[in-house]
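K.L.:
Let the sequences and hints guide you as you build the complete structure.
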Amino acid sequence: MDHFEAFTRHVNPPLGKFLKLSGRDLHFVRARGCVLETDDGRRFDDWVAGFGSFNLGHNPPELKEALSGHLAQDAPNLFVENLNPFAGELAEKLVKAAGAGFETCLFGNSGTEAVEAALKTAVLATGRSGIVYAEEGFHGVTLGALGCMAKGIYREGLEGVIPRFREIPFGNLEALGRVLAFGDIAAFLVEPIQVEAGVRIPAERYLSDAAEVCRKHGTLLILDEVQTGMGRTGAFLAGAGADVVVLAKSLGGGLMPIGAAILGEGLRARAYPDYLRCEISATTFGGNAPACRIASKAVDRVVDPAFLAGVRARGADLFGRLGDRVAHSPSVERLSWRGLLGGIRFRPVENPALSWENLGLPELAAYPVAGALVVERLARRGILAQVCAHDWSVLRIEPPLTVGAEECGRFVEALSDAVGWMDDNRG
Amino acid sequence: MPDPKLRDKRILVTGGSRGLGRAFCVAFAENGARVAFTHTRADDDAQATIEATRTAGSEAVAFRTSVLDIPATTAMVKDLEDRWGGIDILVNNAGVTQNLPLALMEESDWDLVMDVNVKGTFLTSRAVLRGMIRRKGGVILNIGSLAGARMIEAPVHYCASKSALIGLTEALAKEVARYQIRVNCLAPGLLEDGLGRNLPDYRLADYLKHCSLHRVGTFAEVAEFAAFLVSDGNSYMSGETIVMDGGV
Numbered sequence: 000m001d002h003f004e005a006f007t008r009h010v011n012p013p014l015g016k017f018l019k020l021s022g023r024d025l026h027f028v029r030a031r032g033c034v035l036e037t038d039d040g041r042r043f044d045d046w047v048a049g050f051g052s053f054n055l056g057h058n059p060p061e062l063k064e065a066l067s068g069h070l071a072q073d074a075p076n077l078f079v080e081n082l083n084p085f086a087g088e089l090a091e092k093l094v095k096a097a098g099a100g101f102e103t104c105l106f107g108n109s110g111t112e113a114v115e116a117a118l119k120t121a122v123l124a125t126g127r128s129g130i131v132y133a134e135e136g137f138h139g140v141t142l143g144a145l146g147c148m149a150k151g152i153y154r155e156g157l158e159g160v161i162p163r164f165r166e167i168p169f170g171n172l173e174a175l176g177r178v179l180a181f182g183d184i185a186a187f188l189v190e191p192i193q194v195e196a197g198v199r200i201p202a203e204r205y206l207s208d209a210a211e212v213c214r215k216h217g218t219l220l221i222l223d224e225v226q227t228g229m230g231r232t233g234a235f236l237a238g239a240g241a242d243v244v245v246l247a248k249s250l251g252g253g254l255m256p257i258g259a260a261i262l263g264e265g266l267r268a269r270a271y272p273d274y275l276r277c278e279i280s281a282t283t284f285g286g287n288a289p290a291c292r293i294a295s296k297a298v299d300r301v302v303d304p305a306f307l308a309g310v311r312a313r314g315a316d317l318f319g320r321l322g323d324r325v326a327h328s329p330s331v332e333r334l335s336w337r338g339l340l341g342g343i344r345f346r347p348v349e350n351p352a353l354s355w356e357n358l359g360l361p362e363l364a365a366y367p368v369a370g371a372l373v374v375e376r377l378a379r380r381g382i383l384a385q386v387c388a389h390d391w392s393v394l395r396i397e398p399p400l401t402v403g404a405e406e407c408g409r410f411v412e413a414l415s416d417a418v419g420w421m422d423d424n425r426g
Numbered sequence: 000m001p002d003p004k005l006r007d008k009r010i011l012v013t014g015g016s017r018g019l020g021r022a023f024c025v026a027f028a029e030n031g032a033r034v035a036f037t038h039t040r041a042d043d044d045a046q047a048t049i050e051a052t053r054t055a056g057s058e059a060v061a062f063r064t065s066v067l068d069i070p071a072t073t074a075m076v077k078d079l080e081d082r083w084g085g086i087d088i089l090v091n092n093a094g095v096t097q098n099l100p101l102a103l104m105e106e107s108d109w110d111l112v113m114d115v116n117v118k119g120t121f122l123t124s125r126a127v128l129r130g131m132i133r134r135k136g137g138v139i140l141n142i143g144s145l146a147g148a149r150m151i152e153a154p155v156h157y158c159a160s161k162s163a164l165i166g167l168t169e170a171l172a173k174e175v176a177r178y179q180i181r182v183n184c185l186a187p188g189l190l191e192d193g194l195g196r197n198l199p200d201y202r203l204a205d206y207l208k209h210c211s212l213h214r215v216g217t218f219a220e221v222a223e224f225a226a227f228l229v230s231d232g233n234s235y236m237s238g239e240t241i242v243m244d245g246g247v
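In order, the protein sequence lines correspond to chains A and B. Everything in the first sequence is counted per numbering that gives the first Met the number 0, starting at 0 for the first residue and increasing by one. Everything in the second sequence is counted per numbering that gives the first Met the number 0, starting at 0 for the first residue and increasing by one.
Calculated directly from the structure, the hints in this document are not laboratory data. By construction, the Cβ of each residue, glycine as well, lies at the ideal position given by its N, Cα and C atoms. It is possible that some hints are incorrect.
Unchecked claim - Among the chain A residues that face chain B by a calculated CB cut under 7 Å, a handful are:
| # | residue |
| --- | --- |
| 1 | L20 |
| 2 | G22 |
| 3 | L35 |
| 4 | E36 |
| 5 | D38 |
| 6 | A352 |
| 7 | L353 |
| 8 | N357 |
P.N.:
Structural data, given as structure tokens:
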């Protein structure tokens with residue numbers, strides 16, 4: 000059997016069927032930089048970038064070289080109950096890059112594992128059991144992380160086993176202060192920019208003020224930088240003032256799965272004080288040698304001031320042009336962005352011919368259709384795009400940070416055409 | 000063992016590297032025919048058809064060409080006539096569809112589906128018919144669809160293209176009957192390994208509810224019937240569209 004068909008049959012039947020039905024069952028066989036190529040030679044610019052996993056582009060040559068070099072050395076892959084020099088090297092770079100006050104790292108294989116490790120560390124270090132998170136958050140799909148997930152499909156049917164954490168509105172410091180005043184909260188977990196909620200950017204002082212409120216109440220601030228970190232916003236991290244920072248996705252350079260919880264000074268000692276308990280948040284492959292070596296190279300690249308300045312400049316140019324071309328369209332409600340992370344929120348579509356039901360997908364009737372229509376228009380122009388998981392009216396703009404002027408030009412033209420089509424057809 | 004119904008027949012199938020096209024190649028080979036097919040996508044798929052046809056007892060010939068490429072089609076027909084001495088049977092199976100409602104359909108979408116499904120059938124038939132007319136004999140089988148013959152929920156350009164094949168079949172059958180060439184159209188309903196497998200559950204359930212046999216068909220069922228349709232055993236049928244849908 001064709002292995003693409005095998006995916007539909009044996010891995011994810013509903014996804015395979017949906018892609019087939021919507022004409023998006025593309026057979027990708029090659030990926031380089033910002034471009035994906037199908038088995039019949041079609042090329043697509045990637046503006047999803049693995050939800051922020053390909054900040055350095057697909058298959059970056061220097062990382063590929065590092066990986067093949069590592070494999071050629073026959074170095075140990077795992078250092079179970081032994082000193083791991085590759086994890087040591089990476090952790091040293093991460094605590095330095097994260098800024099003053101960080102000391103150690105816990106490594107896993109994904110963002111959700113890193114979130115779990117951060118939450119456990121907070122509970123163990125503070126001796127408190129409460130966790131607070133911001134509504135519409137997205138921190139992963141393991142059971143603990145789901146406790147901080149927005150209400151909706153990710154939680155439905157699982158509520159009985161999901162921890163009962165406390166939700167507060169994103170960007171609301173008063174609500175944070177009120178809930179922390181009870182004195183039983185170990186950590187406040189929040190994204191510096193809520194990507195899946197629609198690329199929601201808080202007020203400028205929100206995070207630093209939240210850090211202050213947390214400090215006052217003895218609560219740890221955990222920043223989930225899985226999508227916003229690794230240079231995405233033009234800085235190594237989007238936020239500041241955290242006690243714990245969570246990284247994943249692009250930390251592995253798009254080649255290796257790895258997640259890290261970067262812990263502030265003294266936290267590891269408080270949470271895991273002795274030999275008996277020092278590995279209770281470890282996973283077997285967490286900190287494996289090839290993942291750490293690739294991540295070290297990826298960190299080297301994104302902490303380079305010239306690289307970060309390039310991201311800021313490219314973002315300013317791209318979103319400046321989008322602001323000129325589409326932000327004033329009657330179809331567009333808002334454009335939000337920082338660095339090379341952005342979102343365009345579209346107004347509801349009134350045209351019944353463009354309802355989910357009329358498009359043959361009545362089961363999606365509760366969701367906004369506008370973002371998906373723009374995604375379809377972009378695909379016609381050879382651009383892969385996607386909406387935000389919690390707000391389908393928002394088109395995420397999240398290309399590899401290596402995106403060039405030519406690709407940006409194609410995107411601006413294609414999006415302008417798509418928005419023009421929306422203007423003509425949405426009413 | 001009965002005599003194979005397509006013994007020594009020389010058959011060209013367009014769009015033969017996957018799905019129903021591959022099933023045609025295999026069924027024709029099992030029935031004693033020599034088989035050639037066209038494909039436009041991956042060579043791996045074509046190789047799989049060649050191997051399946053070899054297992055069925057025939058060495059298939061593959062041509063990577065589009066039915067819209069006139070010079071390549073002309074060259075392919077010449078190649079087969081030089082190689083085999085003629086083509087007895089043409090099965091116009093190559094086709095495309097897109098699951099697009101009218102509101103999202105662009106002129107280019109319409110043109111693509113009509114071009115491949117209708118114009119491609121015209122072009123390939125025209126190229127093959129010259130030899131058939133010269134030899135005063137042959138069979139053309141156009142692969143239509145239930146979507147072109149009944150009012151069902153399917154993209155309008157696809158339905159229109161498959162309906163067009165019914166008209167094309169009737170007109171062409173009339174035009175070439177004087178040369179003892181038969182032209183028919185086979186219009187299958189939902190099949191287990193094609194579009195049917197990717198339909199949303201509610202649409203599949205709706206189909207099954209209205210299907211007398213309460214199931215989708217198989218490629219093998221359609222291919223075996225096609226082998227009969229193009230055989231000499233079906234010598235008195237022309238200009239006909241046969242719907243094979245389990246009794247919808």
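K.L.:
Confirm or reject each hint.
P.N.:
Hints and how they fare:
The interface hint given for L20 of chain A holds, since its Cβ lies 5 Å from the closest Cβ of chain B, which is under the 7 Å cut-off. With a cut of 7 Å, the hint placing G22 of chain A at the interface with chain B holds, because the nearest CB-to-CB distance is about 5 Å. Of the supplied interface hints, the one on L35 of chain A is violated, with its beta-carbon coming no nearer than about 16 Å to a beta-carbon of chain B, more than 7 Å. For the restraint placing E36 of chain A at the interface with chain B, the shortest Cβ-Cβ distance is roughly 13 Å, beyond the 7 Å limit, so the hint is violated.
Given hint, D38 of chain A at the interface with chain B, holds; its Cβ is 5 Å from that chain's nearest Cβ, closer than 7 Å. Because the closest C-beta pair between A352 of chain A and chain B is about 4 Å apart, less than 7 Å, the hint holds. A least Cβ separation of about 5 Å between L353 of chain A and chain B falls short of the 7 Å threshold, and the interface hint therefore holds. Here the hint on N357 of chain A is kept, as its CB sits about 6 Å from the closest CB of chain B, short of 7 Å.
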